[in-house]
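All letters in the sequence shown, in the order written, are residues 2 to 85 by our numbering.
Source of the hints: derived by calculation from the structure; they are not laboratory data. The reader is advised that the hints may include incorrect statements.
Unchecked claim - Cut-off 27 angstroms, straight-line C-alpha distance, at most; resulting in silico cross-link-like pairs (BS3-like, lysine-lysine): (1) 47 - 58; (2) 65 - 20; (3) 64 - 47; (4) 65 - 47; (5) 47 - 20; (6) 58 - 20.
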Amino acid sequence: AALKSIGEAFTSQLGSDDKIEEARLQLLADPSAAGNPALASLFENKDMIDILQDPVKFREQVKKGQEMISGLGGADESAKYGEL
């Protein structure tokens, strides 16, 4: 359930290409905009900076992350009704 709520928050914050681009620009300007020091530190990594600087790569990575989170949320829900 917690994972599902994280996924829903992630999707609502980054639910459109425009919102994803807005987030990318904010993170490029100020990594602390991530709102969490641990998360912000990820955006100081050279590979992440490269992704942040490319709007297409960033959007693709965000969408992959959304799919992974929603997929995990679905697995979590189905586990409740698994084998007896």
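How the hints compare with the structure:
Of the supplied pair hints, the one linking residue 47 and residue 58 holds, its CA atoms being roughly 14 angstroms apart against a limit of 27 angstroms. A C-alpha spacing of about 15 angstroms is found between residue 65 and residue 20, which places the hinted pair at or below 27 angstroms, so the restraint holds. A distance of roughly 20 angstroms separates the Cα atoms of residue 64 and residue 47; the hinted pair therefore holds under the 27 angstroms criterion. Annotation: proposed proximity of residue 65 to residue 47 holds, straight-line Cα distance about 20 angstroms (limit 27 angstroms).
With a C-alpha separation of about 23 angstroms, the suggested pairing of residue 47 with residue 20 holds against the 27 angstroms cut-off. Taken as a hint, the residue 58 and residue 20 pair is honoured in the structure, with Cα atoms around 15 angstroms apart against an allowance of 27 angstroms.
Hint compliance for this structure: no hint is broken.
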